[in-house]
Amino acid sequence: MSFWENSKTLLPVYKNMAQQTLAETVNIMLTPQFYILKKVTLPVQYAFQAKKVAASMFDGLLEHPQNSDYLVYKENDDWVFIAYDLKEISHFLSTKGISADKVGKIFFAQQALSSFSTPVRLGSKDALVSMDDTVVLVPQSALEDNSKTVLMDEGFTPKNGISLHGAFNSFISQKQALGIAALFTLFAFAFFAEGWRYSQSSQNTKAEITALLEEYPTLQSAYTRQSIAAKYRNIDKNERKKRDTVKTLAGMIFKGVKVDTFKMNEKGFAVRFKCTDAKVAKHLRELAKKEGFPSVKTLTGNIVSIEEKL
Amino acid sequence: MMFKRYQNELIVAFSVLLLILALAYRSAAFSSSAESISMGKQEVSEFKELLVFKKRWLDKKTSKRVAKLEKLVPASKVTWKKKGKKLTARYKDLTPKELNKLITSILNMAVQIQVLEISNHNGSYTVEFKCKW
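Chains as they are written, first to last, in the working numbering: chain Y, 1 to 310; chain Z, 1 to 133.
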């Protein structure tokens with residue numbers, strides 16, 4: 001027996017079964033008393049397609065269709081539909097002393113059809129036999145040769161079964177649990193992705209700094225960089241101011257205005273414009289005020305003077 | 001067998017745990033990287049600003065450009081004194097056109113203007129110019 005094979009005891013479950021006292025988890029084999037079977041030839045390829053029409057297969061046959069679940073699988077050319085009520089099964093198991101935590105997998109006798117070549121005894125009265133490719137429950141008295149019977153063992157265990165999903169004690173169904181878990185997991189992945197993006201952008205900035213430092217090794221020291229930047233920021237600011245001032249003053253020259261003298265040094269500037277008449281001088285003075293030179297004044301001889309600090 | 005009994009609740013609990021971990025990771029990544037990104041961006045920006053300053057104010061071609069100021073007007077009008085990275089120049093008898101050309105060239109040059117004096121004498125201009133770079 002391989003490690004992966006299901007090695008749990010297979011317990012047949014039927015209505016007349018005796019009360020059970022279980023020490024270990026067992027697998028359950030349900031007799032036809034707990035399910036309704038239908039075999040249909042359908043033009044579908046996959047089980048999920050067949051499962052979509054499962055409910056309609058049992059129209060009018062089920063007492064509580066809203067409580068029913070369906071197992072669908074292919075058997076030769078036919079699709080086998082098994083309808084079962086998990087709550088009812090759970091309830092029955094509990095009445096026989098089989099608690100949900102002692103149940104491994106649940107199988108249906110029909111799934112082990114090939115194993116029923118010989119009738120299987122269930123207790124002292126019933127037996128499971130295969131008739132027309134369907135596993136049915138019959139009284140042992142109906143068997144032709146009562147001595148040719150076997151007992152169910154682990155060899156009957158089919159490959160796939162269903163679970164109780166904690167049907168006894170769960171506050172939420174498995175569907176709800178999976179739905180909520182899927183939603184939360186989706187959000188979790190979104191948050192992980194967002195966090196990863198944040199860390200990456202931080203890495204990108206670090207990589208950019210490293211690349212700059214490698215390209216300019218003389219500027220490795222932050223102190224050196226700050227000191228150089230402060231020095232040239234100041235120079236840049238002052239020189240821009242000087243050039244802007246000269247450009248502004250040049251823009252104030254119009255017909256009738258000539259530069260008489262202009263002096264500029266590190267601290268400030270002084271300019272004298274010679275105007276042709278008082279009207280021009282007045283206009284120039286207004287223009288100078290508008291340009292932000294409040295020190296403007298008119299001197300004798302229609303000279304307009306401006307003296308400002310830089 | 002408690003796991004089987006409460007497996008649905010455990011599935012939800014596990015997903016909630018995953019969500020909490022993801023939130024914590026995002027929050028930690030955000031707070032640590034927000035600060036480092038902001039500091040890093042500032043550092044990069046300052047570095048780039050410094051490189052711009054260096055390119056403008058420590059340009060090795062500035063000396064050649066300054067030298068062109070001597071040839072801008074006829075040699076007879078220029079008194080030229082250049083020592084290292086300092087220049088003292090005096091221009092006289094400049095026409096308004098020559099004056100404009102000279103001033104435009106000076107303003108477009110990355111030098112520190114120490115003195116710039118212009119005076120008008122009967123329609124011709126005299127310029128005193130001192131700079132360093």
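Just to be clear, a hint being listed does not mean it is correct.
[Stated by the list, open to error] If you want a taste of the chain Y side facing chain Z, the calculated C-beta under 10 Å gives, among others:
id, residue
1, Phe192
2, Glu194
3, Lys206
4, Tyr216
5, Met264
6, Thr276
7, Lys279
8, Lys282
9, Phe293
10, Ser295
No lab work stands behind these hints, which were simulated from the structure alone. Quick reminder that beta carbons are idealized off the backbone N, C-alpha and C, glycines included.
Per-residue hint verdict: Y:Phe192, partner chain Z, C-beta under 10 Å | holds (5 Å)
Does the CB of Y:Lys206 sit less than 10 Å away from some CB of chain Z?
-> Constraint on Y:Lys206 satisfied, holds at 6 Å.
Cut-off 10 Å, beta-carbon criterion: hint that Y:Phe293 touches chain Z = violated (17 Å)
Identify whether the interface hint at Y:Tyr216 stands, where standing means a beta carbon of chain Z within less than 10 Å of its own.
-> holds (7 Å)
Can we keep the Y:Thr276 interface hint, with Cβ of chain Z closer than 10 Å?
-> violated (14 Å)
Interface hint status, Y:Met264 versus chain Z (Cβ within 10 Å) | holds (4 Å)
Can Y:Glu194 be said to touch chain Z, with a Cβ gap under 10 Å?
-> holds (5 Å)
Does the nearest C-beta of chain Z fall within a distance shorter than 10 Å of the C-beta of Y:Lys282?
-> Violated - the Cβ of Y:Lys282 stays beyond 10 Å from chain Z, reaching only about 21 Å at its closest.
Answer holds if the nearest beta-carbon of chain Z is closer than 10 Å to that of Y:Lys279; otherwise answer violated.
-> violated (21 Å)
Y:Ser295 as an interface hint toward chain Z, with CB separation required under 10 Å | violated (19 Å)
Hints 6, 7, 8, 9, 10 from the list above are not met by this structure, while the remaining hints are.
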